[in-house]
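Engineer: Heads up: the sequence lines are chains A and B, in that order. All residue numbers for the first sequence refer to my numbering, where the first residue is 1 and numbers rise by one. All residue numbers for the second sequence refer to my numbering, where the first residue is 1 and numbers rise by one.
A couple of the hints might just be wrong.
What the hints assert, rightly or not - In the DMTMM-like style, the derived pairs of lysine to aspartate or glutamate whose C-alpha atoms are separated by at most 25 angstroms in a straight line are:
#1 K25(B) / D197(A)
#2 K183(B) / E193(A)
#3 K178(A) / E200(B)
#4 K135(A) / D184(B)
#5 K131(A) / E31(B)
#6 K193(B) / D121(A)
#7 K90(A) / E79(A)
#8 K209(A) / D184(B)
#9 K217(A) / E23(B)
#10 K26(B) / D121(A)
#11 K158(A) / D184(B)
#12 K193(B) / E200(A)
#13 K53(A) / D121(A)
To be verified - Computed Cβ-Cβ distance ranges for the label pairs, DEER-style:
#14 R88(A) / I11(B): 50 to 60 angstroms
#15 P53(B) / I233(A): 25 to 35 angstroms
#16 L263(A) / S21(B): 41 to 51 angstroms
#17 E23(B) / L83(A): 44 to 54 angstroms
#18 F168(A) / I196(B): 32 to 42 angstroms
#19 M75(A) / L151(B): 48 to 58 angstroms
#20 V271(A) / L12(B): 22 to 32 angstroms
#21 E23(B) / S50(A): 42 to 52 angstroms
#22 S214(A) / I11(B): 51 to 61 angstroms
#23 I196(B) / D123(A): 27 to 37 angstroms
#24 G45(A) / A9(B): 31 to 41 angstroms
#25 I196(B) / W286(A): 29 to 39 angstroms
#26 I233(A) / E200(B): 49 to 59 angstroms
#27 Y215(A) / I196(B): 42 to 52 angstroms
Hints listed in this document are in silico derivations from the structure and should not be mistaken for laboratory results. Beta carbons: idealized from backbone N, C-alpha and C, even for Gly.
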Amino acid sequence: MKFHPLTMILFSITLLFMTLVYSHPVYIGSILLFMIMSICTLGEGKKIISSVKYGIYGAILIIIVNPLVYHEGRMVIYEGIRLPIIGRFKITLEALAYGGNSALKLICILLIFAFYGVMTDRDDTFSFFSKYAHKLTLTLSMTINMIHRLKLEVLRVKDVMILRGVNFKEKKIIKRVKAYYPILKVIFISSLEGSLDRAESLYSRGYGKYIRTSYSKLEMKGRDYLFLSLNTIVLAVFIYGLLSEKGLVLFYPTFTGFHIENLLFVIWIDVALFSCVLLLWGCMRWKFLKYKI
Amino acid sequence: MNYGLLSVAVILICFIFVFISYERKKVSVKEISLIATLAGLAGVGRVPFAALPNVQPTTFLVIISGYVFGPFFGFMVGAFAALASNFFLGQGPWTPWQMLAWGLCGVSAGVLKKFYQNPSRIMISMFAFLWGFLFDYIMNLWHWLAFVYPLTLQSFLFTYMNSFYFDLMHAIGNFFFAYLFGKDFIHLLSRFKDRISYTEIPVEKIKNLL
């Protein structure tokens, strides 16, 4: 079950802005929970782990750097000797909390990209953009195609070289580099020659002369309109909240996120976001939503 | 002010302008195909070296593309290499920044050619070495702007210090790729550039000559 790319681009942009603007960990946690639930509802839970693993290094770095470089905050956990660049070694609970909150933001942003990938079909995204930016889409689809071709080409050339007696498992690194050097050169030349052939093939088929032929039309379905309506509600609640400074907190000198009003407003955000999860769940389970809308 | 959000907005607006100019530009199919091929080569180069942290021939290939074909071409090769290869390695908030960093790398190589028509092997290698650091510095910038508070010189230096060894590996890798393959690949690409370049002579001009 996939959605129209435009629906998901607009929704992902809303989520991205919400994540970047909010500074309250409860609000960011709500968005994170929403995405985990959505991805799991669509049965793509493995994508969460593969996406998050790319951001782990960055998240750890953020948690370490913040408390080391900023010493403000009332709750001092540790105070020690003076170090170069860092200054006095002092770790505060507020600085640690800020680092943790930023790491949560990073994970959240990573999951927005995974969410978009799960919710849309890559070919549909290409078709959608090719309507408005055909040169860009053509270049990108040719590049992706080239990456596949080159992977196979490297194996083919390597097999030929092995048959000719080249040893790629030399122990000395210089000898190994010398063995690999002709492969790179052959691949480089053959792919450039191939690019000219592909260009001539495109030219001979009349590329760029008239309007492009389209064999399938990408259309917005009922569920896309439903999702866009929910997106508008999420956006409205987000803007209303921002105008009354909800979801924004200070970490220094002390954490100001315990105001009951600020904590209660997150319920509205949650209701708006989880109605989107409900729609997704419905689209997966209810035949009416799945096939008719 | 939310500098992380501001930087994302600025970078997206810049890309929209660059891509609109690419759409409007008179680009031949041969150029499109060559951009795709070089971006594909640069992108696929990230995969076999994934075991060595931050050692990849991508930066070097973007540099020679920009050097031979000019700044705009170099930018497009760099941007597409990042975008396409991340379809396999994983898209994330780093994608626009990688596109920008490799794009600028291609632009700077194109500008370099305007000043040095025939640079020595060591000069190209040093240029690639420098871009090893610059690339990672651009990548660190968003990290610092979006996730570190306060934005002081101290936090800036500390963020950059943390990635020093990664940056150094990238720079050393670039140096060797450029030193070993730089000159040869530039000659090869220049030959291809000559093959796809042509000059249009109006019919009237030929008639006048006859």
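Engineer: Which hint numbers doesn't this structure obey?
Structural biologist: 3, 4, 6, 8, 10, 14, 15, 19, 21, 22, 25 and 27
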